[in-house]
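There are 2 protein chains.
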Amino acid sequence: MTPQDLRIRRVAIDTWRENVAYLHRECPVVRASGFQALSKIMVHANGRTISAVLNVVDDERIVEACELGLSEDAFARIDVAEGHTARVTPSEPPASIGALHRKIAGERLTREDLFALIADVAQARYSKIELAAFVVATNGYDLDRDEVVHLTEAMIDAGRRLDWQRQVRGGPVVDKHCIGGIPGNRTSMVVVPIVTAHGMLCPKTSSRAITSPAGTADTMEMLANVELPFDRLAQIVRDTNGCLAWGGTADLSPADDILISVERPLAIDSPGQMVASILSKKIAAGSTHLVLDIPVGPTAKVRSMPGAQRLRKLFEYVAQHLGLHLEVVITDGTQPVGNGIGPVLEARDVMRVLRNDPQGPADLRDKSLRLAARVIEFDPDVRGGEGWRIARDILESGRALAQMEAIIDAQGRRTPAPVPGAITHEVTADQDGRVAAIDNLQLARIARLAGAPQVIGAGVDLLCKVGDAVRAGQPLYRIHASYSADLAFARDRAARDSGYRIAAEAHAG
Amino acid sequence: MTPQDLRIRRVAIDTWRENVAYLHRECPVVRASGFQALSKIMVHANGRTISAVLNVVDDERIVEACELGLSEDAFARIDVAEGHTARVTPSEPPASIGALHRKIAGERLTREDLFALIADVAQARYSKIELAAFVVATNGYDLDRDEVVHLTEAMIDAGRRLDWQRQVRGGPVVDKHCIGGIPGNRTSMVVVPIVTAHGMLCPKTSSRAITSPAGTADTMEMLANVELPFDRLAQIVRDTNGCLAWGGTADLSPADDILISVERPLAIDSPGQMVASILSKKIAAGSTHLVLDIPVGPTAKVRSMPGAQRLRKLFEYVAQHLGLHLEVVITDGTQPVGNGIGPVLEARDVMRVLRNDPQGPADLRDKSLRLAARVIEFDPDVRGGEGWRIARDILESGRALAQMEAIIDAQGRRTPAPVPGAITHEVTADQDGRVAAIDNLQLARIARLAGAPQVIGAGVDLLCKVGDAVRAGQPLYRIHASYSADLAFARDRAARDSGYRIAAEAHAG
Chain A
0 MTPQDLRIRR
10 VAIDTWRENV
20 AYLHRECPVV
30 RASGFQALSK
40 IMVHANGRTI
50 SAVLNVVDDE
60 RIVEACELGL
70 SEDAFARIDV
80 AEGHTARVTP
90 SEPPASIGAL
100 HRKIAGERLT
110 REDLFALIAD
120 VAQARYSKIE
130 LAAFVVATNG
140 YDLDRDEVVH
150 LTEAMIDAGR
160 RLDWQRQVRG
170 GPVVDKHCIG
180 GIPGNRTSMV
190 VVPIVTAHGM
200 LCPKTSSRAI
210 TSPAGTADTM
220 EMLANVELPF
230 DRLAQIVRDT
240 NGCLAWGGTA
250 DLSPADDILI
260 SVERPLAIDS
270 PGQMVASILS
280 KKIAAGSTHL
290 VLDIPVGPTA
300 KVRSMPGAQR
310 LRKLFEYVAQ
320 HLGLHLEVVI
330 TDGTQPVGNG
340 IGPVLEARDV
350 MRVLRNDPQG
360 PADLRDKSLR
370 LAARVIEFDP
380 DVRGGEGWRI
390 ARDILESGRA
400 LAQMEAIIDA
410 QGRRTPAPVP
420 GAITHEVTAD
430 QDGRVAAIDN
440 LQLARIARLA
450 GAPQVIGAGV
460 DLLCKVGDAV
470 RAGQPLYRIH
480 ASYSADLAFA
490 RDRAARDSGY
500 RIAAEAHAG
Chain B
0 MTPQDLRIRR
10 VAIDTWRENV
20 AYLHRECPVV
30 RASGFQALSK
40 IMVHANGRTI
50 SAVLNVVDDE
60 RIVEACELGL
70 SEDAFARIDV
80 AEGHTARVTP
90 SEPPASIGAL
100 HRKIAGERLT
110 REDLFALIAD
120 VAQARYSKIE
130 LAAFVVATNG
140 YDLDRDEVVH
150 LTEAMIDAGR
160 RLDWQRQVRG
170 GPVVDKHCIG
180 GIPGNRTSMV
190 VVPIVTAHGM
200 LCPKTSSRAI
210 TSPAGTADTM
220 EMLANVELPF
230 DRLAQIVRDT
240 NGCLAWGGTA
250 DLSPADDILI
260 SVERPLAIDS
270 PGQMVASILS
280 KKIAAGSTHL
290 VLDIPVGPTA
300 KVRSMPGAQR
310 LRKLFEYVAQ
320 HLGLHLEVVI
330 TDGTQPVGNG
340 IGPVLEARDV
350 MRVLRNDPQG
360 PADLRDKSLR
370 LAARVIEFDP
380 DVRGGEGWRI
390 ARDILESGRA
400 LAQMEAIIDA
410 QGRRTPAPVP
420 GAITHEVTAD
430 QDGRVAAIDN
440 LQLARIARLA
450 GAPQVIGAGV
460 DLLCKVGDAV
470 RAGQPLYRIH
480 ASYSADLAFA
490 RDRAARDSGY
500 RIAAEAHAG
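Protein chains in written order, with numbering that gives the first Met the number 0: chain A, 0 to 508; chain B, 0 to 508.
Looking at chain A on its own, in the form it has when it is part of the complex:
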């Protein structure tokens, strides 16, 4: 070992997809090279090089002067054993840093710029601060539509791709996706069993909750394993026609996963990033035909019909350039879909619909059938307008349920089935009248404070929806929690604003 050599030590700190290196203040390299906290350094070990943000440490229990501490992400990425020697050098900025600065200055980026930038993002060469700069510089409609095409292509290029052409022999590989923002909107878990029972190939990958109380992956996880490696996922789709898996493990768009880790705390979800994120994952998953759900409502992601149309055109433009057949469906996003909000409660609603249980929420059933119908009409053998009847027959006959059970078994069934949180609190109407509006954002917030999605049984169960008549004191919804502190957080928030608006009826009696 020369004086510049350091011993790698794993520091068990989860820095959420950022490489962090911990060096002791007395480490000769820190003293010699003038490294400062938060500057970036290059770490070299065993022929590999990664870049990392430096945190300077004054505690030898964390790292000693001759050690190089690596956060969980950095340790996984350099991929050598603890105790291995490493060297650090001053950081060279990522090759694409010039493109990032040009975008910050408001310039238009070329295809080459975006490919270089996204490759550097996927290789974790950017710090969180730099990623935040990229996210803000490409916010709103700051990326023009050709830039979004190139961003999408670059994201596909940075990851792995699935190919189903041996299975479908030129036929469609279908998918269905929603831009998000509506609590309880778990239509994918009804649509996938229906369309795969119809014989279509649907390799559905979903995200976990980003800012919501549950993503489709979180909800499906209440029933089955969703963390499927690339090869296993491919085998399940070949065996059952479909899957309902988390997209993160399949490495389909790793750059997108890294960008989302910054978009989430910033609560930024801009059109260009949304289009590139969704379409890159669909195309990487091998889909050829996609039905896209854009809900519109005062508390949805898209607030107005002109806004929805503008977003629709951007999706269509990018999809067309990438050879993806896209049908956009603009839907009612004025209130949550179904009754449950939170992983266990939403899984319950889905299974009730698939079992044709009368307790199954009618709005979730109707919306799922409508979307499944559009997917089924991608089948060249189905006449326009017949999709809805076919979808309904598959659902009512129990074939959709049987198909869902097959997918669950293929992915690995979760037993025992988890149950809703046992600690509950009911929020009641403060006057007689009709439910005039339900605030999606407020209900999502309350469900998150109750613990969702991390505490799987936590969430909110809606007991009435828009248009229902209520009496003062009647329960509007029930909060489920597993810990009393969580229930208190959620209950306090609901007491300040229930998220429901009750309108007194003008002509009573």
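Everything hinted at is true.
Among the chain A residues that face chain B by a calculated CB cut under 7 Å, a handful are: (1) Q3; (2) N54; (3) D58; (4) R60; (5) I128; (6) A131; (7) V135.
In short, the hints are calculated from the structure, not lab data.
For clarity, every value in this text was computed on a predicted model and none was experimentally measured.
Every residue, glycine too, gets a C-beta built ideally from N, C-alpha and C.
On the provided structure of chain A, position chain B as indicated by the hints.
What follows is chain B alone, placed relative to chain A:
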């Protein structure tokens, strides 16, 4: 202790002005509340509340399940002893988050918005990611000039203010500042002794190097203590008419210090932020009259004369609205000023000029006299045009040197005087000709790789300047380092690009 109570533990990790909280993955609060890595939490202890970014830890040597680890910054800010109980709750976003999102969306912010935003920045309620979003959203000329006025006022309002009116009784309190970017440009250390020897009050506070090999504070620190608490700084100015101190300890514009911690790694230094940063610190330090140096050159911060004029107007507009008398001087920024680059080497140049040593660099002397002249002409008793002669007399008579020695003694003289790094390498001309250009950025980079400013004796000593005739093999500059690894980094960089351009003479004699 209730189950929600945690014991505070100081985690000796320097996170560079960001509050980071470390909680063990098995901590009941993490499990119950669905906190995720990188989410923000509120920490409550002893009646105080701070917000912090969460890192989840899997190592009990760092934090145990019942402990709340706090990074150095967070620990200092919550200001209670280790072992004290604390609680954590889900983060409430800062009150000004709506204004941040409106700025990201491109809207114009009101005075109230900017006051709320900067107050939250100063209270460390924003994460690094959110600060990066603010820096990018206000980049370039994205802040209009009234927004810059309000940003400046808000920055002043968030810190402490010095008031010298009892000393000057309506007379000017003067200062001199450069926007930066030119290595070796240490004119302040010549100007302050001259103008304070003339009897003017000049409470000069400077920054440390942000992206450069030395700031004025770093260079002054080679001669004297620069970390002066607020009250001590005020006393020194009353005693000697001036000071040359680091601005950070005086708490004059704490929000600016926090924003700079993000601007530095992003290498963003936009006009609005620059104007607010400089003018807020000058006004908070009690200055009424300011000479501002804007160097222009192909490798300076400002590349063109129109760019300099646009920046000048913005400075003038904001200064006028805040009652600061401002004179802008646009100077030659085509090459470094003086010979030394790096704290010790620059301090040597300054003292040579003050001692009227023939080895003192003529360009540093001339520029300092020119700027001192402009400051002296703020004196109502000095006729226009007489400033230069007065400044030169003060310098040549030795009164400036005596005044500098007085300031050094008042701040606390550093002994022994540090010397340049002993390990050297000379970079030589590769052909006969004249020095046609010197790249400020490349020379700064080489000096930083050699270790400056952290390794105080490290840097670059220029042996010839633009216009000098050189022969092939003749040394252009000498790199000084204290560690051989640093010399190797700097030498490699210089071998790839020396930063000097030598033009063969067209009509050799």
